[in-house]
Amino acid sequence: MTTRAYSFTHSSKLLRLASALAILCAALVWAPQSAQAENLIRRPGAHNRYTWELEPHLNIHWGAGAGRAHVGPGIRASIPFMHNGPISSINNNMAITFGLDFYFPPGGFAAAIPVAAQWNFYFTDIVSVLGEVGVVGNFASHGINLHVLDPYIQGGGRFQFGKVGVLVRVGYPSFSVGANFQF
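The working numbering numbers the first residue of the sequence shown as 32 and each following residue consecutively.
Hint data in this document are derived by calculation from the structure and do not stem from the laboratory.
Watch out, some of these pointers could steer you wrong.
Derived SDA-like pairs: lysine to any residue, alpha-carbon spacing no greater than 25 Å straight-line [stated by the list, open to error]:
{"#": "1", "residue 1": "Lys194", "residue 2": "Asn79"}
{"#": "2", "residue 1": "Lys194", "residue 2": "Pro117"}
{"#": "3", "residue 1": "Lys194", "residue 2": "Gly76"}
With beta-carbon atoms standing in for the labels, derived distance ranges [said to hold, decoys possible]:
{"#": "4", "residue 1": "Phe135", "residue 2": "Arg74", "range": "31 to 37 Å"}
{"#": "5", "residue 1": "Pro182", "residue 2": "Ala210", "range": "25 to 31 Å"}
{"#": "6", "residue 1": "Phe214", "residue 2": "Val166", "range": "21 to 27 Å"}
{"#": "7", "residue 1": "Val195", "residue 2": "Ile54", "range": "20 to 26 Å"}
Computed from a prediction, not measured in an experiment: that's the story for all the values here.
Where a beta carbon is used, it is the ideal one built from N, C-alpha and C, also for glycine.
Work out the full structure: start from the sequences and follow the hints.
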């Protein structure tokens, strides 16, 4: 009984933290930019051209029947396959993104392998938003040997400073914050 109370309290704190971080990130993305920031959304192709992107991050994972939220590190790689489009009149691109996330539930180890299509919309030199849709394979060793393929749906914001930035994602099955490096 004590374990369940601890689990609920621990999970509630993590979910409140994730919610607060998501609200903060949304406020930063939709906050008015300074008068100096140029709106690039109507200038197709006016974003950093990169061959691939690497993103080490920290996750709060609540999907795949986890029962409560778990925290762990992860890494993501994204490879653009459409540098300008699919909407040719705005500043957007598409990439394939894949990664590996680790979680540490009590008494075990879990991993998630997301693979998704990523659609990026560039508003300024610094601010862009993204949407991702795909699947995530979940594998766990903590007594239940979980092997599940789940849907993966995320939205996020990128704050890019040259070839280095900060990327925030929120959706199902996780919330993540990390650095991103474009090559």
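Here is how each hint holds up against the structure:
Among the hinted pairs, lysine 194 with asparagine 79 is consistent with the structure: their alpha-carbon atoms are about 8 Å apart, no more than 25 Å. Of the pairs offered as hints, the one joining lysine 194 and proline 117 holds, with about 23 Å between alpha carbons and a cut-off of 25 Å not exceeded. Between lysine 194 and glycine 76 the CA atoms are separated by roughly 16 Å; this keeps the pair inside 25 Å, and the hint holds. Take phenylalanine 135 and arginine 74: their Cβ atoms lie about 44 Å apart, and the range 31 to 37 Å is violated.
Under the hint 25 to 31 Å, the C-beta atoms of proline 182 and alanine 210, about 26 Å apart, fit the expected range. Phenylalanine 214 and valine 166 have their C-beta atoms about 26 Å apart, which keeps the hinted 21 to 27 Å range intact. For the hinted restraint 20 to 26 Å between valine 195 and isoleucine 54, the CB-CB distance of approximately 25 Å keeps it satisfied.
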